[in-house]
Amino acid sequence: MPGTVLTITSGKGGVGKTTATANIAAALASRGEKVVCLDADIGLRNLDLVLGLENRIVYDLVDVVEGRCRLRQAMIRDKRLPNLFLIPAAQTRDKTAVSPTDMVQLCNELRQDYDWVLIDSPAGIERGFRNAIAPADQVLVVTNPEVSAVRDADRIIGLIEAEEKGPARLLLNRLNPALVREGNMLDAEDVLELLAIDLLGVVPEDESVVVSANRGTPVALDANSRAGLAFRNIARRLLGEDVPLMPLEDSGGLLQRLGRLFGKGD
Amino acid sequence: MGWLDRLRGNKNSARQAKDRLQLVLVHDRTDLSPGQLGALKDELIEVISRYVDIEPQAVEIQLSQSGREQYLVANIPLRPTRRARR
Numbered sequence: 001m002p003g004t005v006l007t008i009t010s011g012k013g014g015v016g017k018t019t020a021t022a023n024i025a026a027a028l029a030s031r032g033e034k035v036v037c038l039d040a041d042i043g044l045r046n047l048d049l050v051l052g053l054e055n056r057i058v059y060d061l062v063d064v065v066e067g068r069c070r071l072r073q074a075m076i077r078d079k080r081l082p083n084l085f086l087i088p089a090a091q092t093r094d095k096t097a098v099s100p101t102d103m104v105q106l107c108n109e110l111r112q113d114y115d116w117v118l119i120d121s122p123a124g125i126e127r128g129f130r131n132a133i134a135p136a137d138q139v140l141v142v143t144n145p146e147v148s149a150v151r152d153a154d155r156i157i158g159l160i161e162a163e164e165k166g167p168a169r170l171l172l173n174r175l176n177p178a179l180v181r182e183g184n185m186l187d188a189e190d191v192l193e194l195l196a197i198d199l200l201g202v203v204p205e206d207e208s209v210v211v212s213a214n215r216g217t218p219v220a221l222d223a224n225s226r227a228g229l230a231f232r233n234i235a236r237r238l239l240g241e242d243v244p245l246m247p248l249e250d251s252g253g254l255l256q257r258l259g260r261l262f263g264k265g266d
Numbered sequence: 267m268g269w270l271d272r273l274r275g276n277k278n279s280a281r282q283a284k285d286r287l288q289l290v291l292v293h294d295r296t297d298l299s300p301g302q303l304g305a306l307k308d309e310l311i312e313v314i315s316r317y318v319d320i321e322p323q324a325v326e327i328q329l330s331q332s333g334r335e336q337y338l339v340a341n342i343p344l345r346p347t348r349r350a351r352r
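Quick note, the sequences are listed as chains A and B, same order. Just so you know, we're using my numbering here: the first sequence kicks off at 1 and counts up by one. Just so you know, we're using my numbering here: the second sequence kicks off at 267 and counts up by one.
Read the hints as simulated data drawn from the structure, not as lab findings. Some hints here could point you the wrong way.
[To be verified] Listed next, the stretches of chain A that the computed footprint assigns to chain B, with coverage defined by at least 3 CB atoms under 8 Å from CB atoms of chain B:
| id | region |
| --- | --- |
| 1 | 182-191 |
| 2 | 224-235 |
[What the hints assert, rightly or not] No more than 30 Å apart at the CA atoms, straight line, and that leaves these computed lysine-lysine pairs for DSSO-like:
| id | chain 1 | residue 1 | chain 2 | residue 2 |
| --- | --- | --- | --- | --- |
| 3 | A | K165 | A | K12 |
| 4 | B | K284 | A | K12 |
| 5 | B | K284 | B | K307 |
| 6 | A | K34 | A | K165 |
| 7 | B | K284 | A | K165 |
| 8 | A | K79 | A | K34 |
Virtual Cβ for every residue (Gly too), placed ideally from N, Cα, C.
In isolation and in its complexed conformation, chain A is listed as follows (with noise of 0.2 Å):
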């Protein structure tokens, strides 16, 4: 059975698009799933970073499509998980280095042989998105619970309509409970009101982000982070299981509790 194109798109930039994307791609690969991920973003290229991969680049997607390499030689193993690999993006060239026809013939050529091609979309409405979206079967909008990035994912939504690439799935990324308790953060309820789509999945804010993709390791591999846990089971969700929204923060202990009782956050 040929594998699926999920596409990971946002409008605005700095929402977690690449973070999404490389943390789902480790979940899916650590559940046995073989998966490429493909950066699409040209010249601003990122999820070798986050993936921890930069090191051993030696071709790109823009060398694939230009024929001055083979698609297995621009292919990156990673270390940790044998069935992940990466298409890095080309750094030094542009968006119109690609274009929406090409994409689909690699895709095409990808989901042969593996299970999930993960495209990490630029920001943007250009020509970067519309080589995103080309290939898609499946598109995931990345948003935070703030009014620009709502309003950019909104408008990204009514493109993917008008693209017959919907009905799209939403990814609320880096929602901070404590806000959302004291009425100062739109929650997860809200988004889904004014977005009117259906929800993949929300992940706490969560300092561990950070800090794994400070070390190049996908934050959904550390078993004690919740964000971690949060792209675990968004990857689950794809898999077709019936996995509940985990609540968004311990329930603390009881002195916790106590003080969010007379209303002092923590």
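Take the given structure of chain A and dock chain B to it, following the hints.
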């Protein structure tokens, strides 16, 4: 939101964010600015008045939504006719 804000009666900021987004998304999705909506309303009143007697001040035109579908909802009260029934 701290207790001081609550005392001052400040609306929590998440609520404000949601209200503002609700408005802006409706206009983003339809590519219809509040100004254009006003112009549409004026022209609509003009056209409809050619056929029936309406109360221009009572006409309401709004963008509304259900899921991701947008609707233009018009509420146009007619003036009661003075003609007696035969």
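Structure versus earlier hints, numbers of those that do not hold, lowest first: 2
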